[in-house]
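Construct the entire structure; sequences and hints are all you get.
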Amino acid sequence: MSEPTRLAIETSGLTKTYGKGAKQVRALDGVTFSVPFGTVFGVLGPNGAGKSTTVKILTTLASPDSGDASVAGIDVRRDPAGVRSAIGYVPQKPCFDPTATGWENLALQGHIYGLSSREIKARSAELLERFGLTDAAGRIAKTWSGGMQRKLDVALGLIHRPQVLFLDEPTTGLDPEARADMWSEIAELTKSDGLTVLLTTHYLEEADHLASRLAIVDRGQIVAAGTPEQLKGELSGDTVQIELAKPAVNGHARAAIETVAGVRDVAADGAIVRARVGNGAATLPGVLAALDAAQIPLASVTVARPSLDDVYLRHAGRSFQTADEAGTKEVAA
Amino acid sequence: MTTAVTHSSHLAVRNLRILYRQPVYLAFTLVQPMVWLLLFSQLFERVVDLPGFGDVSYVAYLAPGVIVMTAMMNAGWAGTSLVDDMDRGVMDRYLASPVRRVAIINGILAYQAAVTVVQSLIVFGVALAMGARYDAGGVGVLVVLAAAVLLAVIFAALSCAAALLMRTQDALIGIFQFLAFPLLFLSSTLMAPGLLPDWIGSVAKYNPVDWAVVASREALVAGPDWGLVGGRMALLAALAVVMTWLSARAFRAYQRAV
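Heads up: the protein sequence lines correspond to chains F and W, in order.
Per the working numbering, residue 9 is the first one in the first sequence, and the count goes up by one each step.
Per the working numbering, residue 4 is the first one in the second sequence, and the count goes up by one each step.
You may find that some hints are simply not true.
Stated by the list, open to error - Here are the simulated lysine to any residue pairs, SDA-like style, with alpha carbons at most 25 Å apart:
hint, chain 1, residue 1, chain 2, residue 2
1, F, K150, W, L19
2, F, K101, W, L168
3, F, K129, F, A108
4, F, K150, W, R259
5, F, K101, W, R20
6, F, K28, W, A260
7, F, K150, W, Y28
8, F, K199, F, K254
9, F, K129, W, V16
10, F, K150, W, T171
11, F, K199, F, T235
12, F, K150, W, Y23
13, F, K28, W, A174
14, F, K101, W, M89
15, F, K150, W, S12
16, F, K31, W, T171
17, F, K150, W, F31
18, F, K31, W, Y257
19, F, K129, W, R20
20, F, K28, W, R259
21, F, K254, F, D317
22, F, K31, W, Q258
23, F, K28, W, R252
24, F, K31, W, L168
25, F, K101, F, G29
26, F, K28, W, L168
27, F, K28, W, A256
28, F, K31, W, M169
29, F, K150, W, V16
30, F, K129, W, R103
31, F, K101, W, R103
32, F, K150, W, L29
33, F, K150, W, M89
34, F, K28, W, F254
35, F, K101, W, A256
36, F, K129, W, V8
These aren't lab readings, by the way, just hints derived from the structure by calculation.
As the structure is a computational prediction, the values presented were derived from the model and not from experiment.
Written out as structure tokens, the structure reads:
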């Protein structure tokens with residue numbers, strides 16, 4: 009501790025296991041990362057990867073089996089009360105009170121953090137205005153639209169001007185328009201307020217769009233970390249994505265594409281076959297010719313720069329969608 | 004300490020707001036006591052002819068019992084609001100905030116106490132309209148209200164503890180179905196103490212429902228045995244404190260499972 013730490017979040021070697029015996033699930037298996045103040049840090053991973061468990065430990069809801077974590081310089085195990093006053097938390101599930109109005113929701117939250125009635129009034133008005141909720145604020149929140157309700161959740165997390173805000177899957181279940189709206193609100197939080205935001209998501213576009221740095225988690229471990237650009241930059245070349253007219257022939261398609269010069273990894277997942285190639289424009293004619301020779305009908309072909317989906321595939325060894333579906337099944341089971 | 008009180012009162016206001024926005028819920032909770040008072044007391048009207056009841060109408064005998072029973076039955080569902088908060092993210096939001104754990108329980112208990120007072124006064128009013136008469140004055144009524152509130156606190160705290168440990172509405176309903184009627188029948192709520200079979204009389208001594216009924220009925224006669232009333236009320240108060248403490252402790256078990 010020779011120099012003051014400028015880290016908003018610091019974790020090292022976090023582990024957490026739920027359940028006992030045969031039902032035991034290793035939710036976190038050594039998670040280490042740090043987040044500087046004033047940035048948006050994305051934790052990206054499929055369902056069941058350990059994102060929510062990480063957030064629960066950092067917000068003092070759960071304690072780790074081993075490892076250390078501090079938020080705003082405060083140790084989560086030694087001073088959980090200190091952490092609670094310094095953070096805002098928006099859980100994955102809606103956390104507003106549906107039977108109360110917007111004003112009443114914010115007032116209760118303000119009282120919990122010990123704000124005076126005057127501060128609560130001023131801060132609530134400011135937050136309602138900022139999120140475009142002023143007109144609805146006097147109505148019972150269960151009558152609001154899903155997008156407005158989610159914004160109220162975020163406003164509740166901000167009432168006491170926290171140093172670090174945790175957003176657990178803030179846009180899951182929102183329609184595309186409400187999601188885009190939420191994205192611009194979140195981006196604004198760090199720009200105008202200097203807030204540190206830790207955001208978990210299983211939407212690749214969301215992490216790409218919002219996070220200045222991100223960690224990709226899979227099966228309780230961080231498999232890759234860096235800025236979205238760095239992560240994508242590690243994968244040189246382009247991706248050729250082929251959508252087959254018949255998913256059943258993806259084995260043949262894969263075999264045909266692998267014979268083409270310039271093609272590196274090929275991965276097939278249902279009707280989608282992805283090939284990593286050095287130069288998309290130069291390799292595409294060969295790929296198409298090979299598929300044509302094998303008499304495989306196509307629905308579409310695209311050439312793109314690497315996406316986070318490719319990054320995930322490379323590090324986790326399975327496509328994001330497959331992992332997400334598998335995770336959802338585990339969670340449901 | 005002051006923080007806990009402030010938090011408790013703000014959370015109680017949150018719960019009471021639902022009552023004044025949806026008064027129909029209160030009306031629903033009065034259906035059962037009205038059935039006991041209007042139908043059961045008529046069906047068993049002649050039961051007071053048995054020696055042991057004394058010179059009293061059955062509706063006058065039954066009314067304090069119905070008040071106590073209503074307090075218990077409704078308080079048993081208090082934990083459902085905690086389960087709602089757990090199913091949504093409300094509980095997680097509270098637990099990641101500086102809110103005192105015991106304030107979350109106190110908010111529910113305060114709400115339940117307020118509901119119990121309103122219900123008890125309505126049941127009392129209906130009983131008087133049906134011809135029930137009592138020798139005691141205002142102090143007797145206050146004792147009945149206090150006994151009903153203490154019993155409500157005991158069962159609401161038990162319900163909250165069960166909610167935190169089981170975390171599902173189904174489990175809560177199951178436990179309470181298992182408890183409510185046995186506790187009701189193992190007491191002098193419906194039948195004079197002297198007419199209870201010996202074994203039920205013995206069991207009733209340990210039944211908080213019976214404590215509340217005995218204290219209430221005694222406080223309403225002319226020249227009550229205040230030692231008996233005070234003893235039973237002290238038992239109720241002690242159990243209420245223990246149950247509240249236990250339900251606040253149940254948060255630890257809940258948090259381990261998060």
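Evaluation of the provided hints:
no. : hint              : verdict
1   : F/K150 <-> W/L19  : 17 Å, holds
2   : F/K101 <-> W/L168 : 20 Å, holds
3   : F/K129 <-> F/A108 : 16 Å, holds
4   : F/K150 <-> W/R259 : 31 Å, violated
5   : F/K101 <-> W/R20  : 23 Å, holds
6   : F/K28 <-> W/A260  : 12 Å, holds
7   : F/K150 <-> W/Y28  : 18 Å, holds
8   : F/K199 <-> F/K254 : 47 Å, violated
9   : F/K129 <-> W/V16  : 17 Å, holds
10  : F/K150 <-> W/T171 : 22 Å, holds
11  : F/K199 <-> F/T235 : 18 Å, holds
12  : F/K150 <-> W/Y23  : 17 Å, holds
13  : F/K28 <-> W/A174  : 22 Å, holds
14  : F/K101 <-> W/M89  : 10 Å, holds
15  : F/K150 <-> W/S12  : 23 Å, holds
16  : F/K31 <-> W/T171  : 20 Å, holds
17  : F/K150 <-> W/F31  : 22 Å, holds
18  : F/K31 <-> W/Y257  : 19 Å, holds
19  : F/K129 <-> W/R20  : 19 Å, holds
20  : F/K28 <-> W/R259  : 13 Å, holds
21  : F/K254 <-> F/D317 : 22 Å, holds
22  : F/K31 <-> W/Q258  : 19 Å, holds
23  : F/K28 <-> W/R252  : 23 Å, holds
24  : F/K31 <-> W/L168  : 19 Å, holds
25  : F/K101 <-> F/G29  : 29 Å, violated
26  : F/K28 <-> W/L168  : 17 Å, holds
27  : F/K28 <-> W/A256  : 16 Å, holds
28  : F/K31 <-> W/M169  : 18 Å, holds
29  : F/K150 <-> W/V16  : 18 Å, holds
30  : F/K129 <-> W/R103 : 23 Å, holds
31  : F/K101 <-> W/R103 : 22 Å, holds
32  : F/K150 <-> W/L29  : 21 Å, holds
33  : F/K150 <-> W/M89  : 17 Å, holds
34  : F/K28 <-> W/F254  : 21 Å, holds
35  : F/K101 <-> W/A256 : 21 Å, holds
36  : F/K129 <-> W/V8   : 21 Å, holds
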